[in-house]
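Going down the list, the sequences are from chains A and B.
With the first letter of the first sequence counted as 1, position 99 gets the number 99 in the working numbering; the numbers rise by one all the way through.
With the first letter of the second sequence counted as 1, position 85 gets the number 85 in the working numbering; the numbers rise by one all the way through.
Just so you know, the hints here were simulated from the structure itself, not pulled from any lab data.
Ideal Cβ placement from N, Cα and C applies to all residues, glycine included.
Incorrect hints may appear among the rest.
Label pairs and their calculated CB-CB ranges [what the hints assert, rightly or not]: (1) R44/B with R108/A: 30 to 36 Å; (2) D56/B with E5/A: 22 to 28 Å; (3) T7/B with L75/A: 25 to 31 Å; (4) S18/B with R108/A: 41 to 47 Å; (5) Q17/B with S52/A: 46 to 52 Å; (6) T5/B with G9/A: 29 to 35 Å; (7) G3/B with S40/A: 17 to 23 Å; (8) S80/B with R60/A: 43 to 49 Å; (9) D78/A with T112/B: 35 to 41 Å.
Derived coverage of chain B by chain A (criterion: at least 3 residues anywhere in the stretch with Cβ under 8 Å from a Cβ of chain A; other residues may be distant) [claimed, not checked]: (10) 39-46; (11) 104-112.
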Amino acid sequence: QKEVEQNSGPLSVPEGAIASLNCTYSDRGSQSFFWYRQYSGKSPELIMFIYSNGDKEDGRFTAQLNKASQYVSLLIRDSQPSDSATYLCAVNSDYKLSFGAGTTVTVRA
Amino acid sequence: NAGVTQTPKFQVLKTGQSMTLQCAQDMNHNSMYWYRQDPGMGLRLIYYSASEGTTDKGEVPNGYNVSRLNKREFSLRLESAAPSQTSVYFCASSGTDRSTREQFFGPGTRLTVL
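The whole structure should be built from the sequences, with the hints applied where relevant.
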């Protein structure tokens, strides 16, 4: 059973809309959660991390965590063409991160 | 600071050849990791080193060996390359802050095994 599941893509949104990405995880002991963005042919880069239940906002990005439901999400508001990328959800367990397969987002002008 | 560096960037091997992928970080991080990324499968952990002097298997260690040469360097060796090892390999490092465990990634090595 895969430890981290993300909503399957690709996700296509118009410019200026909200992109909503979802992630569920199986390890109840996980303490910290990460969203990475990966452009085609590039390495992953961290955009958000969260470890408390609730919302965390950083510019146009909002991460939401619900540990009881083992669910973490990422909202991208006012989506821009530069947001077109694959978004990876990662869940920390001890020293290791487990990654989901990623959701590819395309923002159409 | 260069962050995490990897060499080489690209490599083509024939089945049965061996090679070592090099990784170095200048962020004074204790933990280092090797991942492979295949289409549609996300990042899968091959090996990791929680601290200098220790290494542990990850999700997909078969066919690979690692060496934590010192705090900065963590190498990945393919002893006898197979076509199934065609992939993009990423090295990453993280500090010991238990509250974050953020990992920083190198630029990747694109390996093709013929």
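Quick rundown of the hints versus the structure:
As the Cβ distance of R44/B to R108/A is approximately 31 Å, the hint placing it in 30 to 36 Å holds. Taking the beta carbon of each, D56/B and E5/A are about 25 Å apart, inside 22 to 28 Å as hinted. The hinted range of 25 to 31 Å is not satisfied by T7/B and L75/A, whose Cβ atoms lie roughly 38 Å apart. Against the hinted window of 41 to 47 Å, the Cβ-Cβ separation of S18/B and R108/A comes to about 46 Å, which satisfies the hint.
Against the hinted window of 46 to 52 Å, the Cβ-Cβ separation of Q17/B and S52/A comes to about 49 Å, which satisfies the hint. Checked against the hint of 29 to 35 Å, the pair T5/B and G9/A passes, with Cβ atoms roughly 31 Å apart. A beta carbon spacing of about 20 Å between G3/B and S40/A agrees with the range 17 to 23 Å that was offered as a hint. For S80/B and R60/A, the Cβ-Cβ distance of about 48 Å falls inside the hinted range of 43 to 49 Å, so the restraint holds.
Restraint check, D78/A to T112/B: a C-beta distance of roughly 40 Å satisfies the suggested window 35 to 41 Å. Here's how the segment 39-46 of chain B fares: 6 of its residues keep a CB closer than 8 Å to some CB of chain A, so the rule of at least three is met and the hint holds. With a threshold of 8 Å between beta carbons, the proposed coverage of the segment 104-112 of chain B by chain A holds, since 5 of its residues qualify and at least three are required.
The structure is inconsistent with hint 3 alone, although it conforms to all the rest.
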